[in-house]
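Visitor: Chains A and B are the protein sequences, given in the same order. Going left to right, the first sequence walks through residues 1 to 186 as my numbering numbers them. Going left to right, the second sequence walks through residues 187 to 368 as my numbering numbers them.
What the hints contain is simulated information worked out from the structure, not anything from laboratory work. Note that the structure is predicted; figures quoted are calculated from it, not measured. Hints are supplied without guarantee of correctness; some may be wrong.
[Unchecked claim] List time: in silico DSBU-like cross-link candidates among lysine-lysine, alpha-carbon distance up to 35 Å: (1) B:K322 with A:K143; (2) B:K334 with A:K38; (3) B:K322 with A:K81; (4) B:K259 with A:K152.
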Amino acid sequence: MTRLGRWMTVGTLAGVALTSLACAAPIRVEAYAERGAKLARYRTFAFAPVEAAATGDPRLDSNPFFIQRVQAAVDRGLTDKGYRRDTSGAPDMIVHFHASVAQDIDVVAIDRTAGYCAQTDDCRPFVYDAGTLLMDLVDAQTKRLAWRGWAKTNLDGVVDNQTWLEQRVDTAVGRIVARMPRAGGN
Amino acid sequence: MRRLIGHATLALVSMVTAACATAMSVSSHVDREVDFSRYQTFDWGPADALPTGDPRLDANPFFKDHLQGEVEKQLAARGFTLAQTGAADLLVHYHAHISERIDVASVDKTYGYGGEVRDYEAGTIVIDVVDARTNKVIWRGWAQDAVKGMLDNQDTMAAKVNEAVTRMLARLPARTAGAAQR
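Looking at chain A on its own, in the form it has when it is part of the complex (with noise of 0.2 Å):
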């Protein structure tokens, strides 16, 4: 291989990673349990219908396959945590889960207070897609709310490859789904 051609191949492949480092992000999760609620006790579950609210993202709205994705991947999120799904219109819980997309500012304190920043002006402030995932699980009997859930992350260049969505849809769930308990309590 001449020397140009190793260059261009380093090129390339430098391009897919930074690519990949521009477009994936982390994603933050966190959960609550409402106070007084009693998880051990449910079994089974039931998904809510899915409402037709805007999520902040015309591209997201009314979606039926990210809505399908993220029905998928709760499911067997509850699945491999011991509920199960509910076929005789009595379930424990119902399932509700809302999608929503700001536009959100990133200062870049780490890097600033880090000192990477001290010559260039790199470390600007940047805009992204923030894109919320909250997860309800509602007490059927009481309906109120017993535990809530949800992942935050930076959508720029992931809405529009759906490949990408589905990936981060699926660590989305499955990392708010890691923070239940499980069923029984065990």
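Starting from the known structure of chain A, fit chain B onto it as the hints suggest.
Guide: Just chain B, lined up with the frame of chain A:
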């Protein structure tokens, strides 16, 4: 060598920029299980109830007529026929939306091209293709771009709509391989 590294750097910046932000971004989601060759005809489905976010686009006959005409033309180019009688195989919906956004041109700033924070109006056109029998969306395409100079200039609007629809529907699986290449 220094020149080569310079070119490589510019190419990398271009790749990252192209991956995450372009002038008009166009993409789609598709039901991968669906065989599009089994559909022949299409018709317009009922309009959705979602707001456009901008009264200038609400009940705008020029926008609606031009968009629908271009969609019909591009679907015909991909082998689908507008149903004249009877039930269509596919129903087509569209939705337009405008929102305020801000942008910081960080890459441009690095190369000395400015880089100020700016706000702009971003327009999105979403087209859904629905299987009329199952009432399931089997394909969604969208195009996003700044709408400055478009809403008050019909020639610009027509050109933008043409580009958006052409690029969106180029991503729709064609009914036949021949139609896709026409």
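Visitor: Determine for every hint whether it applies to the structure shown.
Guide: Tested hints:
1. With a C-alpha separation of about 30 Å, the suggested pairing of K322 of chain B with K143 of chain A holds against the 35 Å cut-off.
2. A hinted pair counts as satisfied when its Cα atoms are at most 35 Å apart, and K334 of chain B with K38 of chain A does not qualify at roughly 54 Å.
3. For the proposed pair K322 of chain B and K81 of chain A, the alpha carbon gap of about 30 Å is at most 35 Å, so the pair holds.
4. Under the criterion of a C-alpha separation no larger than 35 Å, the hint pairing K259 of chain B with K152 of chain A is inconsistent with the structure, at around 40 Å.
In this structure, the earlier hints numbered 2, 4 are contradicted, and the remaining ones agree with it.
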